[in-house]
Amino acid sequence: MQLGFLVDLHLCMGCKGCEIACKVENEVPLSTWRLRVKYVDVGTFPETKRTFTPLRCNHCENAPCERICPVSALHYLDNGIVNIDKERCIGCAGCVMACPYGAIYIDPQTQTADKCTYCAHRVASSMMPACVVACPVQANIFGDLDDPKSNISKYIMKNQGGVQVRKPEKGTNPHHFYVGGGNVNLNPLASHRIDGHSLFNKITTLPVGGHH
Amino acid sequence: MATHEILAATNAVVTLDVALPGIVWPWLVTVNMWAKSIGTGVIFMLFLLIKKYPNQVGNLRFQVTVVSIVFIHIFLLFTLADLHQPFRMWHIFFYPHFTSAITVGAWMATAFVGLLFLLAFFSFVKKNDLAFDKTLAWVVALAIPVTLYTAGLMSQCTARELWQMPTESAQMIFAALLSGSAFMILVFGNKLDWEANKSLSRILALSAFMSFILYMSEYVFGPMKAEEVAAVLEYIKGDGEYTVMFWIGQWMAYLLPMLLIVLSRVNKSEAILKLAAILALAGLWIVKHVWLMIPQLLPMS
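Those protein sequences? They're chains F and S, same order as listed.
Take the first sequence: its position 70, counted from the start at 1, is 69 in numbering that gives the first Met the number 0, and no numbers get skipped.
Take the second sequence: its position 113, counted from the start at 1, is 112 in numbering that gives the first Met the number 0, and no numbers get skipped.
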């Protein structure tokens, strides 16, 4: 079994329902996100549009975070999920530095690394991840990539030419796919980050570690 | 930031994304690298002096060993201080994951500390120079991977395209040679004759020269190999956040020491040599800090 995720960006409307569901399900502390939706505005007025891209851990086949973790706190489950054992984590932040997707953070409450686990605890009970359940338009498709009859495999088959991953050049082989995305959605260097253009300007951040 | 080829056409602006996670490895990691360079560098220099100027070494065996022990402990202390869960450090020894350069480094550094104490035992308690010199050869052999493992760690940070193993390995070795020779000139230079000081200054100048060439090679040619490297190097170019600090570091660590060493040789001045050593040691911290910070400024998402 190899679990994977696919987000159909044609369907995503940026409601952030997945983000909130994830926060609630996993008790993600203030100022940190396991899953977040990035908005990028494209074009020049009046020819403009807003794109939405949910970003979470890619559960890579060749995960740099797993490789760099000195104590195997980050480890693979049999179903392909890259899971994290917060009791074992020493908080070296190597994984945060190694992840090319910025998907790992230091939890300010536990002072350990944390990230999306595809809701491994729910999956173990044969439930779908919280974000999948919350999505009102079924933009999140989750399932077994090894099973050709699973929804995700069928979706990938149907959209062969349009299936993308983030930063394929990194050689991480992500198990998280996007359909309908472009460079603007998936490449952080393809968009400007201009001060004052963020919809949320005053984000409360909790201190991490005491020396940052 | 480097202009992406489609930026002009799309005028794409991020209007909502919570930047994760900012500076993750702060100045504590800079101190870690800097102290380790000195800790292993002085051992390299002691080995050289024993081989080239055995009659001048005398008490330096014990004194240099103490210096190395102190700086390796500074390195270990700051490594520990940088952990968010420092009291779980023992996990590295009981749940080791040997694909990680952190694990390999921690184990090697521990063995290195053990050998340093053995050296101290031979030089201070046993007063046995022969046993010391024989053990030192093994310590030098271990000091090389201890110096290099941070380069391996940086190269495992695949998100930070700027840090590549071949260049970082060379930088780590040159940093150890530079800081080791500078520290020896500064603290023990008075106990050595002019010829020995000249040898140390030659190492200092050459390692400064080679390091400078490596940095300039990245500076000029780095942007040609990857878009992310180009974007990172923008932070030390033009009005980038770290431009001033980068050039202060390059001048202090490399250019001025090289010039001062030439001047000291012409004038046979140990005072100028010591000034070069001070600048090199202080400049090295700045150079390392800039190189550590800039890739962390780049948004990963």
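Quick caveat, the hints were computed from the structure, so don't treat them as lab data.
Careful: at least some of the hints might be erroneous.
What the hints assert, rightly or not - Straight-line C-alpha distance at most 25 Å; calculated PhoX-like pairs for lysine-lysine: (1) S:K224 - S:K50; (2) S:K126 - S:K236; (3) F:K169 - S:K125; (4) F:K22 - F:K85; (5) F:K166 - S:K197; (6) S:K273 - S:K50.
Hints versus structure:
no. : hint            : result
1   : S:K224 - S:K50  : violated (42 Å)
2   : S:K126 - S:K236 : violated (54 Å)
3   : F:K169 - S:K125 : violated (54 Å)
4   : F:K22 - F:K85   : holds (17 Å)
5   : F:K166 - S:K197 : violated (50 Å)
6   : S:K273 - S:K50  : holds (23 Å)
Going down the numbered hints, you'll see the structure goes against 1, 2, 3, 5, while the others check out.
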